[in-house]
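Chains as they are written, first to last, in our numbering: chain A, 6 to 110; chain B, 561 to 1118; chain C, 15 to 236.
No lab work stands behind these hints, which were simulated from the structure alone.
A hint or two may mislead.
[Claimed, not checked] Subject to a maximum C-alpha distance of 35 Å in a straight line, what follows is the list of computed DSBU-like cross-link-like pairs (lysine-lysine): (1) B/586 to B/907; (2) A/15 to C/194; (3) B/678 to C/109; (4) C/194 to A/66; (5) C/137 to C/152; (6) B/1058 to B/678; (7) C/109 to A/15; (8) A/70 to C/194; (9) B/586 to B/678.
Residue-level listing of the chains:
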Amino acid sequence: MSEHHIVPLKIYMLIFAALLVGTVITVAIAFVDLGFLNTPVAILIAMVKATLVIWYFMHVKYSPKIVALFAFAGFFWLIIMFSMTMQDYYTRGWHEPLPIPFLEN
Amino acid sequence: MSAVANAVENGHSNGKTYLNETYGIKSWLFTLDHKRIGILYLITLAAFFAAGGVFASLVRIELATPQGDVFEAETYNKLFTMHGVVMIFFFLIPSIPAVLGNFLLPLQLGARDVAFPKLNLISYYLYTAGGVVALTAIIAGGVDTGWTFYTPYSTTYSNSFVALALIGVFINGFSSILTGVNFIVTIHKMRAPGLTWFRLPLFIWAQYATSLIQVLGTPVIAITILLVVFERLFQIGIFNPTLGGDPVLMQHLFWFYSHPAVYIMILPGFGVISEVIACFSRRRIFGYSFVAFSSLAIAILGFLVWGHHMFVAGQSTYAGMVFSFLTFLVAVPSAIKIFNWAFTLYKGSVLLDSPMLYVLGFIGLFTIGGLTGLFLATLGLDVHMHDTYFVVAHFHYVMVGGMVMAFLAGVHFWWPKMTGKMYSETAARVGVFLIFSGFNLTFLPQFVLGYMGMPRRYHTYPEEWQALNVMSTAGASVLGIGFTLTIIYLLWSAIGGKRAEANPFQAKGLEWENAGSPPIAHNFVDIPIVVEEAYAYGKKHDEAQIESPEPAKEEEVV
Amino acid sequence: MSDAAHSLGRAHHFETAEQQYESATLGMWAFIVQEILFFGGLFGAYVVYRNLYIDAFSAASHQLDISLGAFNTGILIGSSLTMALAVRCAQKGEKNTIIGWLVATIILGFGFLGVKYVEYSHKWHDNLVPGSSFVWEKPGYLDVAGGQVKIFFSLYFVMTGMHALHMVIGVGIMLWLIAKIRRNEINEHYFTPIEISGLYWHFVDIVWIFLFPLLYLIGRHT
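Bound conformation, chain A alone (with noise of 0.2 Å):
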């Protein structure tokens, strides 16, 4: 129907030449010391790469904005539970275990 854009071929395959120059910085990167910074980058580009897919692939740019609601959405209540389960396993160690009365006796 009338709504529906057509992308231009163009764009299509510079998404894709984008997304296997991404593939080759991941791999090259990889091999690089940068301490810490490792795997954010990694996640990073990983990121970028999908955020590219989401949003000429799959036309998200071109959809409705509660489109792009729904997809933010999903990747955020990801953000929830990587986060609430690990600050349970960060603050783990920031205490002895409370005593126990009955049995230190």
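On the provided structure of chain A, position chains B and C as indicated by the hints.
Chains B and C alone, transformed into the frame defined by chain A:
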């Protein structure tokens, strides 16, 4: 008489409604009509509720005496496990969305069906398939892990049919997810002309919030179930402490869904309460937008509090503090609703028909349940009360005193809409009395027992607690009689009861004013155009406010 | 769902074809959201254990073949391109070219699965498949806890296995689409099934975009 009103009265010109439009078992089992699917769910759900009730009765029989003299310990473990699994996964979670949501959503939205009718039927069969698999596990010998199937007991040490039961739950989960998908799209895309978001009935807002949780939460328990099944069958080791696996991780993943799941259970109930209270106070809901937004707030905040089930599981105390604080926050939107409903009653013309009696019971019992949840959210108290009967009493107050009573309120309120028949109001009031009194007699003593330290999931207890346990068992008998009576008089009315008028409670809403009781197969003669707010009770010239697109001609009236 | 009396593919409960198209898109996205959370549970377990056992995860990750993984990433990105081009042809009504691009997508999908099969059999030979046959005895890594390595491989097999299962389902969907096209149930006015199947396929690609670095590239700089 306008064509609309006449269609409402006669079910279109040939007297055909969705119930008798087509005949035969195949026309029901292969139906794509959301109303018939709702009825199918109602029947299957009632069967599961009865099964879960049988397990509960056996548990209470054992607990009438302090010794474990009726069942062996392992059998008792299976009984409470299966009570929980059947009631939570196969009754409570589907209940209102599957029955009332399916039936009412298109009608309240002014649509002819949900967005994906075939998917709707698939949801129903996934539900029954999951139920059959779970029942197979039960009949084969049962599961004894508790409905929470914590590792490493469920993965390594239990000798019961864990994998089979979990696969049944897994399949059922897809039913929930697909229903959520269907409802979200239906609410976004199938609203009648003029039906803006803030003119929607609050039942729709509640159903929308529920569907968000179903889509965002259920897949996480799906993957948790798969991991537990893989660990059990293939020893992959992911929750095995001897390898470095963390059983608490399984609890994190489990409760990430299972806490929001309780909001899947209660939010639709909140929606029903709003509808019934508005009708039987003859008033619009006080603070409509607060109630609407509070549903969304509960859905979102509900995902941030799951650690309150794990305060003593080995979770970090600092994480416990965070979860405790957030749990106090999530109580706020629920309280907002209670206040708004109370203010709706104030200066309303309150009618005490049976749906309203259930609603009033809900408000009291849910408040008790919710407040006792705050007790448990308090870290210091939970250390003592976790895994005691205090917890059992708390969740039964919200799930039975709250959710089941809301479900019954909704089933009664919309019964004439769904069946075209009216139940006996006297029988219904007896039912309310039995259920309300039986419920409180069952579970109020359990708060005391829990506070005194009686552990849950034990089939024996010290003798000094027998009196309270006997009270609880007696209450359970009354409760069981109440539920049985309810099923009987409802069935009786459906088969041979009095024919209901189109709008016996003079309720407002598209399902009441623009569709018959029962509705025709495609819901409306013409799609209505909405021009007024929801719950416009007490407005003059009510009939003129909701129009059909074309003026009625005399020839159309039959 | 098709009815000769209506325009192709329009179901009776929708008022307009546009409403149906937008509903289908929104519905598929809602489904994708739940898929995100489904895989997300596995990623959550991964995040926890990687933080706890970084040395074991690093040692385990070194056992994976980067060139095969990178090659597979390229294949999958290519299949996303061919899928997007199939949708584009559908929008333009070029029936035969749609089938061509769908076939290309299927071939690339099979290529991916073939490589995965090779990788899985390598792991099986090395006794790295979790279960009773699992043995950790890699020279140079003997001080790393075998149990923790086993947890990595549990996650590896479940995550890539789930992903592969979703790809198999995707290939099945492609074949179903080809059948629909050949039966003339899809034209330039109604190609919604292709579009929403494309959404599904791209999502499966996105999962792999995250899986590849997180599984194959841990601690490669040491």
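Subject >> List of violated hint numbers, smallest to largest >> reply: Hint 1 is the one this structure does not satisfy, whereas the remaining hints hold.
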